[in-house]
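Chains as they are written, first to last, in the working numbering: chain Z, 1 to 362; chain R, 1 to 362.
Mixed in with the good hints, there may be bad ones.
No copy labels: a pair is met if it fits in one copy or bridges any two.
To be verified - Okay, derived cross-link-like pairs now, SDA-like style, lysine to any residue, Cα gap no bigger than 20 Å in a straight line: (1) K6 x E112; (2) K295 x T83; (3) K295 x D11; (4) K116 x L361; (5) K116 x S86; (6) K105 x P226; (7) K181 x A294; (8) K203 x L351; (9) K116 x E85; (10) K116 x R84; (11) K6 x R244; (12) K297 x G267.
In short, the hints are calculated from the structure, not lab data. This structure is a prediction, so every number in the text was calculated from the model and none was measured.
Number of protein chains: 2
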Amino acid sequence: MLERFKVPEEDRVYVRRDAMQAATETVFKASGLSDEDARLSTDVLMLSDMRGCETHGVSNMLRHYVEWYDDGTVTATPNVRITRESDATANMDGGMGLGLHVGPKAMELAIEKADKFGMGSVTVHNTSHLGMLAYHSMMAMEQDMIGVTVIAGNPMSMTPTFGAELRLATNPWAYAVPAEKMPPFVFDVATTQVAGNKLSLAKRIGSPLEDHWIAGPDGAPMLNNPQLPDDRNDYLMLPMGGTREQGSHKGYGFAAVAEILSQIMSGTGAAFLNPGSMSFWFCAYKIEAFTEVAKFKSDMDEFLQALVDTPPAPGHDRVLYAGLSEHEETQLREKEGIPYHREVIDWFRSLSDARNLGIELG
Amino acid sequence: MLERFKVPEEDRVYVRRDAMQAATETVFKASGLSDEDARLSTDVLMLSDMRGCETHGVSNMLRHYVEWYDDGTVTATPNVRITRESDATANMDGGMGLGLHVGPKAMELAIEKADKFGMGSVTVHNTSHLGMLAYHSMMAMEQDMIGVTVIAGNPMSMTPTFGAELRLATNPWAYAVPAEKMPPFVFDVATTQVAGNKLSLAKRIGSPLEDHWIAGPDGAPMLNNPQLPDDRNDYLMLPMGGTREQGSHKGYGFAAVAEILSQIMSGTGAAFLNPGSMSFWFCAYKIEAFTEVAKFKSDMDEFLQALVDTPPAPGHDRVLYAGLSEHEETQLREKEGIPYHREVIDWFRSLSDARNLGIELG
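Whenever a hint applies, use it, and build me the whole structure from the sequences.
In structure tokens form, the structure reads like this:
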């Protein structure tokens, strides 16, 4: 994570994983979720927080989820069902449940199918927030498969290359691939220049943005380290690449593929034309259906080792690969606890007081 | 295509598709290919040329292929066979044949599997150049499937983010998706800032590069519109994004995924550690296995129309989507012929003279 996104040291409160896990499960259960769904939803948020991906963890998102359960935006007890199925594929209706717990069930089905047929893919429509995509891809990884998660939906945040109006969300992708000795390859990125939650986080901690991260309302990229405008209508997010010369048509293309695989394959239609919609695409490739698992993992070790052994460019200490620093952060946080902004702890306290949940944190 | 990559007007010789098709088939047959393989190989090159993707067409590549057949780098009559198979997947040994004609057979198998099981995926190892990836993805598209092609291999051209040594090739991806009335979505990109062949093309036509497209040998991005250095050891290609701040870790990540899906899933191992290797990953998703084909295509029409209807940013005439300008270029070239550099026509003439092939062009 870029330094600018870290919680300033003076505002940090360290909380042990198990304490935050218990508190978060309590919150979900109080919103009406079953024990299993509360546990699954919490697992997704905690894995984000442990990996240092706080944009998708408890801090940024839990308060919104509680609001959505309160106002009926999402259903705590959704009727999740398969609406179409073939040997290796399925399309699921998420019953307007949060993807946090609907997603893992869809990926579970993709894994079952991959185990039988070599690969499996499941789309989900009529659902809401999935949380960190890497969680779902890592489910397949733990079964010696390559896991893929791709999502799209509302709200809109990205303008196409050369465009001046929102047409796509941040349409992220995540791949997770096992290795033997090396920390696994876990790649989870938005197809905008930065994830949407990172913009809000930058704003909350008062950090400026890089050039070409966003455009003004007329579509012209904003330069000179702008602050994020207060009004959501005063900027457009640019596709990965930023400008055409720097490859933004590629970011835009990967975003469009995400829209197609999730929104259009699931039968929902483009998110831009279907307000409020959100959908997912999960896929699992069984390694053994292509090659020997042991050879695959040892080849992965050699590949990842070769990447970290790359001599670094001037001004850099070392070369990373996707998932490496998140793995290191997880180990650190197991020891030290998770550094939350004190404002997050205050939110838990006031929710606990208001709803009589008996949560004790920090 | 950026203006800088077009053949200068004074050097253009327009040739009709059928004339170039016949000439190219003759060249392949003279190199020992069967009629079917010569036709397939030519089809791939001609589709590139018709779509305005001359980097992967006859101009840039055919002379290399002829050399490789001459010196035994590739085999004109490869023993292509399946080395592992499950219901929905297979791994193929390409018998060191050119991907130009081995690839379509692998994609054909993926399509058959997708038709039976909902999706199909085939890796190919022990092979060489595939040509334009979009060709193979479009094969699935024509069967109402989403086609995906991902490749990796040698030679090395990309340094990882923060790195100062080559570890990956240009590791491109291609998706092709059908629509009903709109030209189809066909997305085919390198995960470097620009395709390798575009750099050679820029050099041949004397065009400078953009900032952050390449780095010096120490890994520092080159600025101020550099010319491409003459010596391949004097530069490194940067991942899509260029710098970490502009998202090069995302380009690097997609490149690594391509390496894993093709090189490592096919049992070859990382290309960097296996000199001379190249491999492919093909996938086909049957639309009907997820949703109604008619609805899917009409949703695609609406999505693509909404993209082109996006109001343009200052300095731009219109908003495109992947595959649109290539479709328009194809229509234009059907009418006007394909604009080749006169140097290409000269090459055909001298080859025809040397080998007594009787080729007449321009």
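Structure-based check of all given hints:
Proximity of K6 and E112 under a CA criterion of 20 Å is satisfied in neither setting, with 38 Å inside one chain copy and 50 Å between copies. Taking the shortest alpha-carbon separations for K295 and T83, only the inter-copy value of 15 Å comes in at or below 20 Å, while the best intra-copy value is 38 Å. For the homomeric pair K295 and D11, neither the shortest alpha-carbon distance inside one copy (47 Å) nor that between copies (51 Å) is at most 20 Å. In the homo-oligomer, the alpha carbons of K116 and L361 never lie at most 20 Å apart, since the shortest distance is 45 Å inside one protomer and 54 Å across protomers.
Taking CA atoms no more than 20 Å apart as the test, K116 paired with S86 passes in both settings, with 12 Å inside one copy and 9 Å between copies. Taking the shortest alpha-carbon separations for K105 and P226, neither the intra-copy value of 41 Å nor the inter-copy value of 51 Å comes in at or below 20 Å. When the C-alpha separation of K181 and A294 is checked against a cutoff of 20 Å, the pair qualifies only within one copy, where the shortest distance is 11 Å, while the shortest distance between copies is 47 Å. Neither within a single protomer nor between protomers do K203 and L351 lie at most 20 Å apart by alpha-carbon distance, with minima of 24 Å and 64 Å respectively.
In this assembly of identical chains, K116 and E85 lie within 20 Å of each other by CA distance both inside one copy and across copies; the values are 14 Å within and 13 Å between. Within a single copy, K116 and R84 get their C-alpha atoms as close as 18 Å, and across copies as close as 15 Å, so both meet the 20 Å cut-off. For a Cα distance limit of 20 Å, the shortest separation of K6 from R244 across copies, 17 Å, qualifies, whereas the shortest one inside one copy, 30 Å, does not. Proximity of K297 to G267 under the C-alpha cut-off of 20 Å is restricted to the inter-copy arrangement: shortest distance 10 Å between copies versus 36 Å within a copy.
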